[in-house]
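**Q** Taken in sequence, the protein lines are chains A and B. The numbering of the first sequence is the working numbering, which starts it at 1 and goes up by one. The numbering of the second sequence is the working numbering, which starts it at 1001 and goes up by one.
Since the hints were derived computationally from the structure, they do not count as laboratory data. It is possible that some hints are incorrect.
[To be verified] Dumping the calculated EDC-like pairs for lysine to aspartate or glutamate here, alpha-carbon to alpha-carbon at most 20 Å:
(1) K73/A - D26/A
(2) K3/A - E1072/B
(3) K116/A - D1054/B
(4) K1083/B - D1059/B
(5) K1009/B - E44/A
(6) K3/A - D1054/B
(7) K1009/B - D1038/B
(8) K104/A - D1038/B
(9) K16/A - D1054/B
(10) K73/A - D86/A
(11) K104/A - E1072/B
(12) K104/A - E1015/B
(13) K73/A - E17/A
(14) K1057/B - E96/A
(15) K104/A - D1054/B
[As the list claims (entries may be wrong)] Under 10 Å between C-beta atoms, here's a sample of chain B residues computed to sit facing chain A:
(16) K1014
(17) N1053
(18) Q1056
Just so it is clear, CB atoms sit at the ideal spot from N, CA and C, and this is done for glycine as well.
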Amino acid sequence: AQKITQTQPGMFVQEKEAVTLDCTYDTSDQSYGLFWYKQPSSGEMIFLIYQGSYDEQNATEGRYSLNFQKARKSANLVISASQLGDSAMYFCAMREGRHTGGFKTIFGAGTRLFVKA
Amino acid sequence: DGGITQSPKYLFRKEGQNVTLSCEQNLNHDAMYWYRQDPGQGLRLIYYSQIVNDFQKGDIAEGYSVSREKKESFPLTVTSAQKNPTAFYLCASTRTGRVGYTFGSGTRLTVV
């Protein structure tokens, strides 16, 4: 069965430094997608970055990058140059199927990131 | 601007009552989803729908019901059969492709 594991309940980072949020996954599928979402205190979930299982290069979106290690089944999120506004919950998620909508996505338990001034 | 509207933002329900949470999107997305989030936990899938007049149970569908009569709308009813309905409910939609969900701002349901 699919499973997402985030082992860091909380993380602290100094403003302007980089931070890595860990995510490991388990699936028997060869085709899948990996996502990271940010949830500020307001509650709304914000899509950050996507990595397809067949993508050879790590995904990047601005200050976000996804360190994808397929053999180790890990999909860590790296945030560079942390800002105070990055303080939030971060969820790793996985969806079966490539380039498909409508397949269900499962989420990890989340990591709460605190950025210190 | 396109997006997903969930209403109400806060909802209080007496035990034994059914309540319906609204979710409307103007993004022309085909697929819509309902997730439940409990404090300190991730999201769990309740129901999802890929096309109008069709929907599938997620991992925790018991005590919930949905309908998809229009592409834009995917209301969720929390029935009296749901034993522990107090939670934060998030509606989402997506289109086909290499994209993530677009989420609504959520409804916080409290049983009093």
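**Q** If any of the earlier hints don't hold here, list their numbers in rising order.
**A** Of the numbered hints, 2, 3, 6, 9, 10, 12, 13, 16, 17 do not hold.
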